[in-house]
Amino acid sequence: MLDLFYAPLTETYFQKALIGGSIIAMVAGVVGSLVVLRRMAFLGDALSHAMIAGVAGGYLFMKLAFGLEAHAPGMLLGSLIAAVTTVALISFVSRISRVKEDTAIGIMYTGIFALGVVAVSIFRHYIHIDLMHFIMGDILGVADIDLWVSAFVGAGVLSVLILFFRHFQLATFDPVMAASIGLPVVLLDYLLTTCVSLVVVSAVSMVGVILVVGLLITPAATAYLLCDRLDKMMALSALFGVTSVVGGLYLCVWLDSAGGGAIMLFCTLQFLVVLFVAPKYGLFFRWMRLRNLVPQQAVEDVLTTVLRNKKPASVDIIRKYAVQGKNLVKVLKRMTQDGLLTQQNQDYALTDKGYKEAHTVLRAHRLWESYLESIGTPETEVHSIAHRLEHLDQAQTSAYLDKKLGSPKTGPHGKEIPAKIP
Amino acid sequence: MIKETSFAIEVAHLTVSYNAKPALLDVNVKIEADQLVGVIGPNGAGKSTFIKAILGFVKPDLGTVKIQGTHVKNAKGRVAYVPQRGAVDWDFPITVREVALMGRFQKIPWYTSPRKKDRDAAMEALDMVRMTDFAHRQIGELSGGQQQRVFMARALAQGSDILLLDEPFAGVDASTERAILEVLERAKRSGKTLVVVHHDLSTAAEYFDKLLLIKQRLYAYGEPYMVLNEDLLSQVYEGKLKIFKDVVKKEEN
Ligand SMILES: Nc1ncnc2c1ncn2[C@@H]1O[C@H](COP(=O)(O)OP(=O)(O)O)[C@@H](O)[C@H]1O
Ligand SMILES: [Mg+2]
Numbered sequence: 025m026l027d028l029f030y031a032p033l034t035e036t037y038f039q040k041a042l043i044g045g046s047i048i049a050m051v052a053g054v055v056g057s058l059v060v061l062r063r064m065a066f067l068g069d070a071l072s073h074a075m076i077a078g079v080a081g082g083y084l085f086m087k088l089a090f091g092l093e094a095h096a097p098g099m100l101l102g103s104l105i106a107a108v109t110t111v112a113l114i115s116f117v118s119r120i121s122r123v124k125e126d127t128a129i130g131i132m133y134t135g136i137f138a139l140g141v142v143a144v145s146i147f148r149h150y151i152h153i154d155l156m157h158f159i160m161g162d163i164l165g166v167a168d169i170d171l172w173v174s175a176f177v178g179a180g181v182l183s184v185l186i187l188f189f190r191h192f193q194l195a196t197f198d199p200v201m202a203a204s205i206g207l208p209v210v211l212l213d214y215l216l217t218t219c220v221s222l223v224v225v226s227a228v229s230m231v232g233v234i235l236v237v238g239l240l241i242t243p244a245a246t247a248y249l250l251c252d253r254l255d256k257m258m259a260l261s262a263l264f265g266v267t268s269v270v271g272g273l274y275l276c277v278w279l280d281s282a283g284g285g286a287i288m289l290f291c292t293l294q295f296l297v298v299l300f301v302a303p304k305y306g307l308f309f310r311w312m313r314l315r316n317l318v319p320q321q322a323v324e325d326v327l328t329t330v331l332r333n334k335k336p337a338s339v340d341i342i343r344k345y346a347v348q349g350k351n352l353v354k355v356l357k358r359m360t361q362d363g364l365l366t367q368q369n370q371d372y373a374l375t376d377k378g379y380k381e382a383h384t385v386l387r388a389h390r391l392w393e394s395y396l397e398s399i400g401t402p403e404t405e406v407h408s409i410a411h412r413l414e415h416l417d418q419a420q421t422s423a424y425l426d427k428k429l430g431s432p433k434t435g436p437h438g439k440e441i442p443a444k445i446p
Numbered sequence: 114m115i116k117e118t119s120f121a122i123e124v125a126h127l128t129v130s131y132n133a134k135p136a137l138l139d140v141n142v143k144i145e146a147d148q149l150v151g152v153i154g155p156n157g158a159g160k161s162t163f164i165k166a167i168l169g170f171v172k173p174d175l176g177t178v179k180i181q182g183t184h185v186k187n188a189k190g191r192v193a194y195v196p197q198r199g200a201v202d203w204d205f206p207i208t209v210r211e212v213a214l215m216g217r218f219q220k221i222p223w224y225t226s227p228r229k230k231d232r233d234a235a236m237e238a239l240d241m242v243r244m245t246d247f248a249h250r251q252i253g254e255l256s257g258g259q260q261q262r263v264f265m266a267r268a269l270a271q272g273s274d275i276l277l278l279d280e281p282f283a284g285v286d287a288s289t290e291r292a293i294l295e296v297l298e299r300a301k302r303s304g305k306t307l308v309v310v311h312h313d314l315s316t317a318a319e320y321f322d323k324l325l326l327i328k329q330r331l332y333a334y335g336e337p338y339m340v341l342n343e344d345l346l347s348q349v350y351e352g353k354l355k356i357f358k359d360v361v362k363k364e365e366n
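Here the protein sequences line up with chains A and B, keeping their order. For the working numbering, count along the first sequence from 1 and bump the result up by 24. For the working numbering, count along the second sequence from 1 and bump the result up by 113.
It is possible that part of the hints are untrue.
Label-pair distances were calculated between CB atoms; the ranges are [as the list claims (entries may be wrong)]:
#, chain 1, residue 1, chain 2, residue 2, range
1, B, Arg302, A, Gly430, 34 to 40 Å
2, B, Lys172, A, Leu187, 24 to 30 Å
3, B, Lys229, A, Leu92, 52 to 58 Å
4, A, Leu307, B, Lys172, 40 to 46 Å
5, A, Ala423, B, Glu237, 31 to 37 Å
6, B, Lys229, A, Gly180, 27 to 33 Å
7, A, Trp172, B, Ile221, 32 to 38 Å
8, A, Pro432, B, Ala133, 27 to 33 Å
9, B, Tyr224, A, Leu92, 35 to 41 Å
10, B, Gly253, A, Leu26, 42 to 48 Å
11, B, Glu145, A, Phe188, 55 to 61 Å
12, B, Asp202, A, Lys350, 38 to 44 Å
Just so you know, the hints here were simulated from the structure itself, not pulled from any lab data. These numbers were taken from a predicted model, which means no experiment stands behind them. Note that the Cβ used here is the ideal one computed from N, Cα and C, for glycine as well.
Can you build the whole structure from these sequences, using the hints too?
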């Protein structure tokens with residue numbers, strides 16, 4: 025059993041994949057947090073697709089100019105240039121034409137991706153780029169140079185983000201204020217885009233063009249469901265990135281599957297699990313909360329029932345006039361907890377707080393009745409409609425109705441309209 | 114040589130456009146210091162744009178904005194601002210305390226983290242708006258009025274002499290509106306100039322010392338009784354004049 029975990033660790037290819045993948049996933053997680061919060065996810069996709077043109081260009085240039093075969097730094101630089109060009113083209117097109125930004129992104133990244141594919145196939149005798157490798161990535165074939173590149177990229181990007189954390193935080197959260205205290209908002213935008221490009225470019229060789237955007241946003245989105253602070257979100261997102269790589273690599277060895285695919289699959293499963301079980305923003309707890317939620321309407325009905333009863337009311341009376349069914353026990357329990365009711369022997373009485381609220385609802389009810397009568401609602405319907413409307417935000421409606429009706433003292437059939445409690 | 118000026122904000126020939134559509138056209142106004150000024154006008158009139166221009170966030174096509182006699186470009190951080198509710202991402206992973214701390218960012222050198230005195234100042238600002246109990250809440254978990262107060266705390270923590278607020282009374286109930294107004298008046302008494310975008314004409318005269326009526330261009334600036342004038346309002350709020358007839362009458366009484 026232990027061997028299942030230990031055996032792969034002795035293999036060099038596995039070690040390299042683990043180290044390289046973890047570095048990139050960690051940095052991608054940190055940058056990805058900002059990408060998610062700025063709604064730039066699409067940009068990550070655009071950058072990775074644009075890369076192939078840059079890689080082809082870099083390869084070709086280094087080969088023709090210096091006779092170097094598959095020169096890694098040259099291809100990296102080419103990718104960065106392609107990425108920045110894409111970003112510039114996107115903002116140019118969406119600014120000067122009526123085409124909106126999402127469409128501009130779609131056009132530009134498919135266009136430049138196509139350019140790269142065509143270039144790679146035309147120059148197939150000069151440049152030896154495996155398109156499949158490019159699209160799917162090859163994390164199990166990580167070369168030493170890739171490791172170095174990812175280490176440098178990781179260290180650089182991480183330093184920038186940590187050093188300027190506050191600036192990125194403010195510029196993302198409130199760009200207007202950021203500009204007003206003199207932060208270079210546009211420069212920060214470019215800096216972040218450069219960081220994203222760097223991470224994307226170094227991640228593509230491992231997980232491939234298609235999956236890289238997932239590595240950027242999925243761990244960040246997972247962390248987003250768990251955190252209420254940006255620094256924690258970044259740290260957790262980095263952690264989820266690393267666990268994705270570790271989990272995915274084992275998955276890939278055990279199942280003998282594609283590396284990039286296994287990593288992203290693990291990453292997505294991780295997200296789904298968190299989506300269900302996250303304490304605050306998860307679906308399970310949300311469902312629990314909804315189940316435990318006591319409808320305000322039921323609360324108000326109980327309040328007015330006890331008020332009209334003029335003395336502590338038994339459960340039977342409340343059941344008759346306010347809430348039927350098994351909900352009642354829950355409602356009464358919650359109201360006692362909230363300090364609206366107190367239990368006296370077997371009966372329920374209003375507390376001061378409960379009395380005040382009951383009074384407010386009753387006042388709203390009587391005002392609605394008067395209003396409905398004044399607009400000619402049939403008498404048989406007045407009570408039931410008023411009963412529904414009394415639950416609308418009373419502070420606003422009562423004030424309005426009171427003014428409109430000229431502050432009446434009594435409603436239909438001479439029922440007293442209780443005065444407002446100051 | 115420093116030119117002394119009694120004006121907090123001077124706007125001259127301000128013209129701002131988005132995609133060739135002018136949002137503000139030749140706005141000229143000088144706002145005196147120590148005033149509570151209300152900015153009124155219909156939706157899309159350019160009120161938020163006016164605020165953003167004073168902050169130096171939007172670049173004018175023409176015209177200048179001066180803050181206490183200095184060009185806005187060189188007056189970074191002298192104006193604090195409370196954004197419109199709709200302009201804030203309430204799901205952002207940030208706590209009340211961190212938002213207040215943002216008010217101190219311009220005073221913290223880029224190479225250090227916030228120090229104790231910054232954190233204390235942020236808490237003090239939260240105390241001024243009575244929000245210390247909520248310091249560790251995420252900002253989306255507050256009521257509308259509490260959210261406004263957090264951003265007011267941020268603006269107060271900035272320590273600027275000039276505060277701009279974009280619709281602080283939108284979506285809050287009457288008693289919260291009172292509480293916010295209270296904070297504004299306290300800020301004014303401590304010598305600050307406040308410019309507040311406001312949408313409710315019926316309370317405008319009561320709340321503010323001066324009103325600024327805007328719809329693409331400046332229609333009026335002055336004492337409320339001058340600005341809440343039937344002629345002007347009918348020009349600005351075309352067709353909706355009936356509603357405002359009582360407002361004008363109330364003013365005349
Ligand atoms: N970022 C923007 N891009 C394009 N048009 C904008 C932008 N911001 C505002 N506008 C337009 O400028 C006009 C004024 O907007 P704004 O200043 O927000 O008005 P107000 O705050 O008075 O409702 C509106 O017509 C609005 O559509
Ligand atoms: Mg606005």
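Here is what the structure says about each hint:
For B:Arg302 paired with A:Gly430, a C-beta distance near 38 Å keeps the hint of 34 to 40 Å intact. Distance hint for B:Lys172 and A:Leu187: a CB-CB separation of about 28 Å, consistent with the stated range 24 to 30 Å. Between B:Lys229 and A:Leu92 the beta carbon distance is about 55 Å. The supplied range of 52 to 58 Å therefore holds. Between A:Leu307 and B:Lys172 the CB atoms are about 45 Å apart, so this pair conforms to the stated range of 40 to 46 Å.
Between A:Ala423 and B:Glu237 the CB atoms are about 36 Å apart, so this pair conforms to the stated range of 31 to 37 Å. At roughly 31 Å, the beta carbons of B:Lys229 and A:Gly180 sit within the given window of 27 to 33 Å. The supplied range of 32 to 38 Å is met by A:Trp172 and B:Ile221, whose beta-carbon atoms lie about 35 Å from each other. Between A:Pro432 and B:Ala133 the CB atoms are about 56 Å apart, so this pair departs from the stated range of 27 to 33 Å.
The given range of 35 to 41 Å is respected by B:Tyr224 and A:Leu92, whose C-beta atoms sit roughly 40 Å from each other. Checked against the hint of 42 to 48 Å, the pair B:Gly253 and A:Leu26 passes, with Cβ atoms roughly 45 Å apart. For the pair B:Glu145 and A:Phe188, the beta carbons lie near 39 Å from each other, so the given range of 55 to 61 Å is not met. The beta-carbon spacing between B:Asp202 and A:Lys350, approximately 41 Å, falls within the hinted interval of 38 to 44 Å.
Taken one by one, the earlier hints fail for this structure at numbers 8 and 11, listed in ascending order.
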